[in-house]
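Chemist: Each chain, letter by letter, is given below.
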Amino acid sequence: MNNSVNTIKSVNEGLKKGEFSVEEIVADYQARIKKENPKLNAYLSIFDSPKLETRNYKLETSLLAGVPCAVKDNILISDEKCTAASKILEKYVAPYDATAIARLKQAGAPFLGKTNLDEFAMGATGEHSAFGPTLNPHDTSRVSGGSSAGSGAAVAADLAVYALGSDTGGSIREPASFCGVVGLKPTHGLVSRHGLIAMASSLDQIGPITKTVEDAAIVLNNIAGHDPMDSTSVPVSRELPDYTANLNKSIAGLKVAVPKEFFSEGLDNQVNNLAQAAIAKLESLGAHIDQVSLPMIEYAVAVYYIIVPSEVSANLARYDGIKYGLSSNKKSSSLLDVYLDSRAEGLGPEVKRRIMLGTYALSAGYYDAYYLKAQKVRVLIKNDFDKIFAKYDVVVGPTVPYPAPKLGELDDPLAAYLADVYTCPINLAGLPAISIPCGFADVEDKKLPVGFQIIAKHFDEAKLLQVAYNLEQALK
Amino acid sequence: MSKITQKDVERIAGLARIRFGDKEKEKMAAEIGAILGYIDKLKEVDTDGVEPISNITGMENVMRKDEPTKNQLAEQAAEAAKLIEMAPDNKDNFVKVKAVFGE
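Protein chains in written order, with full-length UniProt numbering: chain W, 1 to 476; chain X, 1 to 103.
Derived by calculation from the structure, the hints in this document are not laboratory data. No residue lacks a Cβ here, since even glycine has one placed at the ideal position from N, Cα and C. Take the hints with a grain of salt, since some may be wrong.
Claimed, not checked - Estimated spans, in silico, between C-beta atoms of each pair:
| no. | chain 1 | residue 1 | chain 2 | residue 2 | range |
| --- | --- | --- | --- | --- | --- |
| 1 | W | Lys391 | X | Gln76 | 49 to 57 Å |
| 2 | X | Gln6 | W | Gly365 | 13 to 21 Å |
| 3 | W | Leu380 | X | Gln6 | 29 to 37 Å |
| 4 | X | Thr57 | W | Asp411 | 32 to 40 Å |
| 5 | W | Glu283 | X | Asp66 | 52 to 60 Å |
| 6 | X | Glu79 | W | Leu380 | 38 to 46 Å |
When you get a sec, could you build the whole thing from the sequences and use the hints?
Modeler: Listed below in structure tokens is the structure:
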């Protein structure tokens, strides 16, 4: 079996033709994980015998049937551990399935295990995991990108055919960019967040990390749709499209906007050149390219690091040492001590930093100056995008300003936050975006992957994927 | 405004229910101060007349009927048992906590 070309599509073909069985391909991946995972730390838990939901699926109708998949360890799979890469949830066992997982199970997906992440999905590099960083398969002295670090590395190293991640400010697209794979963040509200451990509820979204754009469309077909269990899940009146249907339709005449703010100072030279080459490729496919301006984008990181910590401080109040998870419960201690000590021992430095920042921003006397101000600027950022999308089909640019940094290179919290400069505005505006590989940067004798980001209107994933597919094929 | 003192950190830590050592408090004060210094650039933006929205897709107050969504009572009971089992301490089908009021 040549795993390097294993896509959902090719594994489904192989299964249909009887070239291998589901049991064989799962065993093959388990063996690969056992051998390679110690080098990368992509998986936090590896399932001994992935439960094969063999009852209802048919290879003819379900492309995901029997195709081995990895899941970020902040998405619940019933009766399996779900740690969010935090000590406070080290022993937590999920009591139910996330809706996205229930839907994959229905499609016959076997799960290989749970992948590493920045603790509670807070980070851009994968180094904030309580269980050690995930290393980049292209250069193990470098980070794999966060927060869906293990999902990105697992797909890049073919330790899974595809994976689920979650994206709050770039957490699917950054690892996809650093690891040279495809990462799709759907419109906020398209995929249910039920069973996703909450970080910042107004921004969190589950999405696929895959090897090809077509695979991303296939996974989205299976996980998208309204769910009454998530109050931010949008009831879609019309039937959702088949996201694979228009992939190879021509993009001639397409209107593409290139914001000059995505090419400002701080952008690595090689990343700039590769992004420009991708834009030239879109033009050669018949797309119409214009430079535009999104002036409010400059404030996106500042807005993001008020709104996220604020929501974090509320969402993570539940980890109190009482209901579940780690509890520091000494004989002499009072109820207050249980709270104070459980949180002190169980939560890592970045999580504490965000809880503190958010508590401050929401505290009496500061709410108007920080949280309310940020919410208002958020509206202005969304308005900027609305204006552009009134005239254009997609917005494009680099995904991250640079290729994968070395471990420890982004130790300063503020420097790490600025990694989200091109990705977090998209979450603030609730838009769908995808990162696809657009080439390699030469850094210290290594070839490091670089990602290209495409952004579309709310719920226009079909167009987003069509543009991404056309570009992916043209860049081959 | 963005100067954060050790006293501020203590106040916020109390609200956030996290115990910090003295060294940690110092570090936290410096880091939060630096981040808020960066965030101060939001003051440049004119937001007069801008109405904040609570949900980016425009939904508000999504309601449902206050009824159990699972029909099977047995299934509910099993789920409840699972949840109580997850608590660090439990007794007689209740989650057990330290005394809330002093002795």
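Chemist: Are the hints correct? Go through all of them and say.
Modeler: Each hint, compared with the structure:
1. W:Lys391 x X:Gln76: 49 to 57 Å: Check passed, 52 Å falls within 49 to 57 Å.
2. X:Gln6 x W:Gly365: 13 to 21 Å: holds, 18 Å
3. W:Leu380 x X:Gln6: 29 to 37 Å: holds, 35 Å
4. X:Thr57 x W:Asp411: 32 to 40 Å: holds, 36 Å
5. W:Glu283 x X:Asp66: 52 to 60 Å: holds, 56 Å
6. X:Glu79 x W:Leu380: 38 to 46 Å: holds, 44 Å
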